[in-house]
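Visitor: Chains as they are written, first to last, in our numbering: chain Z, 1 to 172; chain L, 1 to 134; chain P, 1 to 365.
Read the hints as simulated data drawn from the structure, not as lab findings. Beta carbons: idealized from backbone N, C-alpha and C, even for Gly.
The calculated BS3-like cross-link candidates involving lysine-lysine, where the alpha carbons are at most 27 Å apart (straight line), are: (1) L/Lys32 / P/Lys64; (2) P/Lys60 / P/Lys71; (3) P/Lys64 / L/Lys31; (4) L/Lys32 / P/Lys60; (5) P/Lys338 / L/Lys110.
Some but not every residue of chain Z turned toward chain L, in silico, with C-beta under 10 Å: (6) Phe53; (7) Val57; (8) Phe72; (9) Thr127; (10) Gly131; (11) Val139; (12) Phe142; (13) Phe147.
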Amino acid sequence: MEIFEIVTYFVLLLLVSTAVRVVTTSNVIHAAISLVFTLALTSVLFLLLSTEFVALVLVLVYIGAVIVLFLFGIMITRAPLGKNAELDNDKNKKLGAAIAGSIFFLFSYILVNGFDGEVIITSGSSTELLGEILLSRFVFPFELVSFVLLAALIGGITLARKDEALIDEDQV
Amino acid sequence: MTDWLPVLVMFVVAVGFALASLGASYLLSPKKATPEKLAPYECGIFPEVEPSQRFPVKFYMVAMLYIVFDIEIIFLFAWATRFNDLGWYGILAISIFTFFVLETLYYVWKKGVLDWNIPRRERYLKQDLTKEAA
Amino acid sequence: MSIELIISLVKANIVLAVLLTNTILLIWFERKVVAGMQSRVGPDRAGPFGILQTLADAIKLLLKEQILPSKADRAMYLLAPLIALVPSFLIFMIIPLGPDITVEWQNALYTIPLVGADLNVGVLYFLALSSIAVYSVVLAGWSSGSKYPLLGGVRASAQMISYEAAMGLALVPVILYSGSLSLVDIVNSQSGNLSSSIPILNTIVSFIPKWNIFPQFVAFGIFFIAAVAEVNRAPFDLVEAEQELVGGFHTEYSGFRFAMFFLAEYINMFNMCAITATFFLGGWLGPTFEGILPPIFSVIMPIIWLGVKTFLLLFVFVWIRATLPRLRYDQLMELGWKRMIPLSLVWLILSAIVLGLREFGLPWS
Chain Z
1 MEIFEIVTYF
11 VLLLLVSTAV
21 RVVTTSNVIH
31 AAISLVFTLA
41 LTSVLFLLLS
51 TEFVALVLVL
61 VYIGAVIVLF
71 LFGIMITRAP
81 LGKNAELDND
91 KNKKLGAAIA
101 GSIFFLFSYI
111 LVNGFDGEVI
121 ITSGSSTELL
131 GEILLSRFVF
141 PFELVSFVLL
151 AALIGGITLA
161 RKDEALIDED
171 QV
Chain L
1 MTDWLPVLVM
11 FVVAVGFALA
21 SLGASYLLSP
31 KKATPEKLAP
41 YECGIFPEVE
51 PSQRFPVKFY
61 MVAMLYIVFD
71 IEIIFLFAWA
81 TRFNDLGWYG
91 ILAISIFTFF
101 VLETLYYVWK
111 KGVLDWNIPR
121 RERYLKQDLT
131 KEAA
Chain P
1 MSIELIISLV
11 KANIVLAVLL
21 TNTILLIWFE
31 RKVVAGMQSR
41 VGPDRAGPFG
51 ILQTLADAIK
61 LLLKEQILPS
71 KADRAMYLLA
81 PLIALVPSFL
91 IFMIIPLGPD
101 ITVEWQNALY
111 TIPLVGADLN
121 VGVLYFLALS
131 SIAVYSVVLA
141 GWSSGSKYPL
151 LGGVRASAQM
161 ISYEAAMGLA
171 LVPVILYSGS
181 LSLVDIVNSQ
191 SGNLSSSIPI
201 LNTIVSFIPK
211 WNIFPQFVAF
221 GIFFIAAVAE
231 VNRAPFDLVE
241 AEQELVGGFH
251 TEYSGFRFAM
261 FFLAEYINMF
271 NMCAITATFF
281 LGGWLGPTFE
291 GILPPIFSVI
301 MPIIWLGVKT
311 FLLLFVFVWI
321 RATLPRLRYD
331 QLMELGWKRM
341 IPLSLVWLIL
351 SAIVLGLREF
361 GLPWS
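Sequences are here, hints too, so could you generate the full structure?
Guide: What follows is the structure, encoded as structure tokens:
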């Protein structure tokens with residue numbers, strides 16, 4: 001599949017360029033939107049691998065919800081738009097590079113070794129397969145997810161409500 | 001993968017249409033910008049204050065709650081496509097899951113995250129009283 | 001060029017043409033209906049019954065200056081109308097317009113499905129694309145550098161995500177019936193008539209088509225209300241509440257950029273109604289009167305049925321707009337989170353249990 005490979009590499013190239021833009025831009029909102037494009041391209045990559053369900057879940061959850069949460073987060077904290085000397089200095093850059101590098105190597109290690117080059121080809125739609133596996137083999141983790149979500153929300157509310165009164169004062 | 005070809009073509013055609021019509025409009029329309037015209041809208045006067053960059057934390061909580069429901073919806077879809085094969089076992093598993101999500105909603109509800117008006121009004125009244133006392 | 005690419009190109013251009021002409025018709029339809037309900041005449045100058053009024057408006061907007069406000073964030077300001085418009089075209093691609101048609105061309109038979117793209121994750125595709133619409137609103141609001149758009153944008157995005165949750169939950173019972181996320185399968189699962197195991201009841205219900213609206217009327221109600229809120233129509237149009245927010249998120253937009261938001265709103269409205277018809281009203285299903293009408297009508301009738309159902313729902317959209325006053329923001333959020341979402345979850349579990357009893361018998365047997 002000649003065309004398939006060309007398309008894949010083209011998508012990957014775009015993906016890397018938008019991902020670089022996320023970390024290099026000095027405007028938070030631009031970074032968030034670049035992240036949206038990065039995720040959209042990742043979803044295209046999943047589509048190219050014929051995992052339609054995962055691709056659309058990525059769009060629905062990450063683009064549709066998580067980045068919207070980021071944007072709200074930016075808007076409620078009066079994020080400085082433009083350069084911020086407190087964040088944008090050499091020390092933070094080194095720290096960020098170290099963390100990003102270690103995550104990259106960790107993920108690469110897991111991806112390379114975790115699957116042993118094994119190719120899993122499944123027949124049928126990925127949605128139905130996922131539904132079946134989710135509710136049979138992974139039913140316990142599946143139920144646990146609801147607890148994790150509850151815990152996350154409790155944490156969020158506890159953190160957010162601490163200074164809600166403060167924020168309400170100059171509410172728009 | 002061929003299923004997605006029409007979607008890709010439609011995407012290209014739609015972007016092409018949007019850009020072409022914007023371009024046509026750009027060529028046809030007048031370009032007489034004045035500082036007054038470019039100023040942010042404020043009923044004909046120059047705005048004196050910048051728009052606030054800060055919003056009530058409630059919006060953030062709503063977005064968080066939405067993530068929970070989004071994940072719930074996706075699990076429900078995955079289950080619904082296999083409804084006939086999973087049978088009562090599937091219904092039980094999903095009922096437990098839904099119960100916990102409802103419990104999350106109940107918790108958030110009782111914490112007042114979903115009340116958009118009442119606590120604010122109460123706090124506002126309280127604030128005024130303390131000001132008067134001082 | 002492969003045959004698939006040619007077919008896709010033809011389909012995409014047909015969809016583009018249909019949606020654009022349809023929008024012209026729809027805006028005229030809305031103005032006429034609202035005018036009728038308010039004892040006015042409505043547009044009546046351009047063309048017969050004023051039907052060309054929208055076209056005249058479109059040309060006017062095309063010729064107007066495109067203002068780029070001085071405080072605007074350039075890139076995001078230009079991107080927002082595109083994000084609004086493109087997904088609205090893409091959503092229409094998954095709506096099935098009729099059964100497969102077979103055409104003979106150069107002594108070979110081709111089967112062409114009357115649907116832009118039959119995706120087996122169609123429902124998720126629809127939800128994913130409507131969640132992208134949030135970005136157009138929030139970006140337009142933020143990038144304008146003005147207070148009214150910012151307020152309208154943040155309000156709208158919270159509203160849209162709230163009602164999208166209710167919308168997704170209301171769709172799950174529909175999938176229980178079809179067992180598939182493909183819209184073509186969802187329509188096919190609604191063919192035939194209702195049946196009942198009780199003989200007397202069976203004679204009564206066997207005349208009713210097996211549309212999802214009859215067993216799933218609660219889900220239909222939730223979905224329809226959420227659809228009105230999702231496309232920011234009255235009474236959920238706080239986004240562009242004229243009295244308090246000027247024009248909401250598109251206050252600073254002018255000329256054709258504004259027209260793009262406007263176009264996207266009406267295309268989305270049409271999409272929502274067509275999708276509601278597909279999920280709950282049997283989509284293109286309906287009598288084709290085969291044998292009575294000439295054979296070409298077996299191709300055209302399904303499209304007409306879908307159109308009739310869609311315009312019926314669009315009439316309800318307009319009717320609601322002409323009748324109900326706008327909700328207050330706290331009422332809006334409380335209706336979404338405190339009423340519709342718990343109700344849809346409970347209804348989902350109830351219908352799963354009822355369906356389970358019918359399909360698998362008692363759980364302990």
